[in-house]
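Going down the list, the protein sequences come from chains A and B. Per the working numbering, the very first residue in the first sequence carries number 618; after that it's consecutive. Per the working numbering, the very first residue in the second sequence carries number 59; after that it's consecutive.
Treat the hints as calculated values from the structure; they're not laboratory data. All residues carry an ideal CB built from backbone N, CA and C; glycine is no exception. Certain hints may be false.
Stated by the list, open to error - Label pairs and their computed distance ranges (CB to CB):
{"hint": "1", "chain 1": "A", "residue 1": "Thr780", "chain 2": "B", "residue 2": "Ala92", "range": "36 to 46 Å"}
{"hint": "2", "chain 1": "B", "residue 1": "Val165", "chain 2": "A", "residue 2": "Glu649", "range": "49 to 59 Å"}
{"hint": "3", "chain 1": "B", "residue 1": "Leu439", "chain 2": "A", "residue 2": "Arg793", "range": "56 to 66 Å"}
{"hint": "4", "chain 1": "A", "residue 1": "Gly674", "chain 2": "B", "residue 2": "Ser200", "range": "30 to 40 Å"}
Unchecked claim - Some residues of chain B that are not near chain A, with every Cβ distance over 10 Å (derived):
{"hint": "5", "residue": "Leu128"}
{"hint": "6", "residue": "Leu193"}
{"hint": "7", "residue": "Pro196"}
{"hint": "8", "residue": "Arg256"}
{"hint": "9", "residue": "Ala263"}
{"hint": "10", "residue": "Gly303"}
{"hint": "11", "residue": "Gln404"}
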Amino acid sequence: MRHLTLVLAMFLGATPALAHKPSDAFITVDIEGTTVSGQLDLALKDLELALGLDRDGDGKVTWGELKAQDAELRAYAAERLGIATDRGPCALVPLDLAVTDYADGAYATLLFNTSCMTEAVGLLKVRYDGLFDVDAQHRGLFRMSYREEQEAFAFTDKERTFTFDPNEGGWTRQMRRFVGEGMRHIFRGYDHMLFLVALLLPAVFWQIGRRFVPKARLSAVLIETAKVVTAFTAAHTLSLCLTTFGVIRPPPTRLVETLVALTILLTALNNIFPTVKTQRWIVGFVFGLVHGIGYASALTDLGLEGWHLASPLVGFNIGVELAQLVVLAVFLPVAFLLRRTRFYKGTFLYAGSAITGGLAAIWIYEQVVRVSVLPF
Amino acid sequence: MSNRTWLTVCTLLGAFLAYENTGLAQTYRPRDDAVVLEILPKRANGYVPQELRALHVELARNPKNLDLALRLAEGFVAIGREQADPRAYGQAEAALKPWWTAAEPPVDVLRLRATIRQFNHEFAAALKDLDAYLLKRPDDVSARLMKAMIHVVIAEYDAARATCASLPSGREVILKATCSAAAAGLSGNAARTLEQLRAMATFLAPSEPHAAAWVEGTLGELSLRIGRTDDALAHFKAAQAAWPGDLFSLVSMADVLNDLGRHQEVLDLLADRTEQDSVLLRLTVAEKRLGLPAAKAHAAALAERFVAERERGSAPHLREEAYFRLYVTDEPALAAHLAHENWKVQREPIDARLLLEAAAKAREPRLAEPAMAWLAKTAALDPALVGAKKQLEAL
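With the hints as constraints, model all of the structure from the sequences given.
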């Protein structure tokens, strides 16, 4: 006997008797592109009370009995589950009736889809009036997946609507994502970093005639840097916004990248053959406008056209700013400490600018002739 | 971080992990129309589900009909009590919806609302309803018993005894005695109380099964208080014989058997009763200690049930969760915090034991302080309680 129970426990043990659980319904909505597919699971125990499934009164609900109530079930579900966008209610197209087993018993599963989701939808509203009249402790456990986001919500007697803003709903998440994208954009493409460094290489000097005289005080270096960086940032933010919101028609990517490379070339040349000597922030501003348009095309490449761009835009810009600060934090101390050395002027300023300018020239060549010279 | 935040973080982390592995729900289309998908609850306490359905339909047409609502809620509460099924209590609550939030609902609504609230562990609200109800129906013995037992659960033994004393001493004097014994047994008088109640029960045993099970279960509890494990087992067994649906005696018996290392008997006792989390927990502990592979699947099923509770946002079953973390997953620190939270809601011997043992194992004696104070007052001699107390004192 003892042995037998042990053996039975090994086989039967894995399926515990149906749990006693409070009444739940499960609502799942998956949005992929413009298709919305959904599933509503209602416990047969609850439906028995709401609709009376056990037609022959034998205390059991069979698949046949459930199927016989298909129409009533669909009507019941249609009345109690609604999806709408800010453009109006969505027509839910019923698909299959199926069964899902949960820990507390079998559930009727209604599959549906709808195609009301367009690119321009601002809000998605889900209303669930479920089984609250049958069970006061009833909950509609809602799970939604949208792009890479997961949303969960519990509908209760008192809270029967769930509003999801595809644009702001995941504001923080989107922000975080785009801060990352912004930083990556700076660090992955060397062009913006090189431009920034090229622009700041002479910041530790006073330029007198053709001569570079090291600045004695750090504050003078910082003021110059702040001026240049602020001008650059203001400019690229401006053009980034204007381009994303469609005020400026974005020029072709090829042209933008050529122009960006040109700004690097010109900045590098200006370090070797100084033309603009004191008002470098103007250079930062003018060229910043070009870089901003470059950022905008990167942002568009992430597939955000047509969506509310506020949070990605802010996030992306913050990311770009953070990456710039990292570049400054690495560059400035080194530059300040080495400014009096011959190494700085010779290797960094002249050779560095020459190499940077050379790279930029190659980029321009690549863009214009459409060949790939450099491996990156 | 406060305890509550800490708990939330841990349980949400658990919830997340479980969410990732949810493999329980499977969607399919049966091939045969004759496949039975669901077996509906059987008749209980004289209530037939089909009749309740008819009442439900009638009430849906006329939701403010008090008479209909009371009959329906009464039926669901009866089923809920018989099967300890939260769904039935939720259905009863829905039937009473028009009166549910009323400050002074009709008198029968008060009684039913108290019962449902007590089931949901809303003890203060339930007591308030019961007091209002008893003002209007002072002779209702079962309502008075419910009030006394709620006071016992929240460790208000003086209030419990006063309530018991107000019961009539007529034909049901054994109920009055059992009521008082349940409170007195936790106020430092377990040995004497046990002898008195046992003597009385030998010739005044109630014939009604639920009452008989309650008397025997209380005798078992009192035996545990003075460390007489074998006597306790015999009483719990008698309670089960009187009414097999009595969860309290079933679970208490399983705890004693698991403590004694008689895990095989726990398997035999609980195998087909696992619809209750409290039962599945004891079974899983027995399986775990026997090294059975089923323990893993059962632990996963339990973890999933706790996650589901959190997801619904309803009051979590802290006692069961603490038990789970302490004995099944061996996470004494988490168990101690859960047991500490639980102690704010329920203060029965099992709650004290969970808190003391978890705090001892987690080496957090500060968390156990409320249970230590309780133990000093009750002077309980349960080996488990005393053992945990010694461990804590040695820290």
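We went through each hint and held it up to the structure:
no., hint, result
1, Thr780/A to Ala92/B: 36 to 46 Å, "holds (44 Å)"
2, Val165/B to Glu649/A: 49 to 59 Å, "holds (56 Å)"
3, Leu439/B to Arg793/A: 56 to 66 Å, "holds (57 Å)"
4, Gly674/A to Ser200/B: 30 to 40 Å, "holds (32 Å)"
5, Leu128, "holds (15 Å)"
6, Leu193, "holds (26 Å)"
7, Pro196, "holds (29 Å)"
8, Arg256, "holds (33 Å)"
9, Ala263, "holds (30 Å)"
10, Gly303, "holds (12 Å)"
11, Gln404, "holds (19 Å)"
In terms of the numbered hints stated before, the structure departs from none.
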